[in-house]
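Number 140 in the working numbering belongs to position 140 of the sequence shown; there are no gaps in the numbering.
Just so you know, these hints were derived from the structure itself, not from any lab.
Straight-line Cα separation of at most 20 Å, SDA-like style, residue types lysine to any residue; simulated pairs: (1) LYS112 to VAL141; (2) LYS87 to PRO69; (3) LYS83 to ILE71; (4) LYS53 to GLU38; (5) LYS86 to LEU68; (6) LYS140 to VAL130; (7) LYS112 to GLU78.
Distance ranges between label pairs, derived from CB positions: (8) GLY131 to GLN46: 19 to 27 Å; (9) SER84 to ASN41: 27 to 35 Å; (10) VAL102 to GLN46: 41 to 49 Å; (11) LYS96 to LEU49: 36 to 44 Å; (12) SER124 to ALA60: 21 to 29 Å; (13) ASN101 to LEU70: 22 to 30 Å; (14) LYS112 to ARG48: 39 to 47 Å.
None of the values given here were measured: they were computed from a predicted structure.
Yeah, the Cβ is synthetic: ideal placement off N, Cα and C, and Gly gets one too.
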Amino acid sequence: MRPLVLTILFLQLLIVPAWPEDTDDNILLIGVDGAEWEVINELLDQGRLPNIKHLIANGARGKLQATLPLISPAIWTEIITGKSRKKHGILEFTSKLPETNVSIPVSSNMRKTDALWSILGNNSKSAGIVGWWATWPAEKVNTISYGDPCG
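Modelling step: build the complete structure from the supplied sequences, incorporating the hints.
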């Protein structure tokens, strides 16, 4: 199976209580929907991604094994919640309004469990989110969020 998402991820991110209280460290999580390491590595070798090369050299990278079916909002929500689709509730690109049966893009208020930024906010940590699937409307936590109503 081809990887659906390229993610640069620090494992410490997943264990909030393990962080020292007085740390000023910043963590950057980058996801590129549909990216493949074979393509990224070739571009790195050609010197065409110097900033990504620097991030990798000073951080970590990994290859994710996506669950089927390959539905981006569901997969991205799995990544950021650590929960299965059944538990987090984001199953498709759209959801139907019960009263009208009209399809609308999935949104953050359809998620049944906390995302990482909510967990961070609840632990007095801040987070910034840009372009993550199913983040609109922005949640009221200790974050800066630029959610897209269509993604």
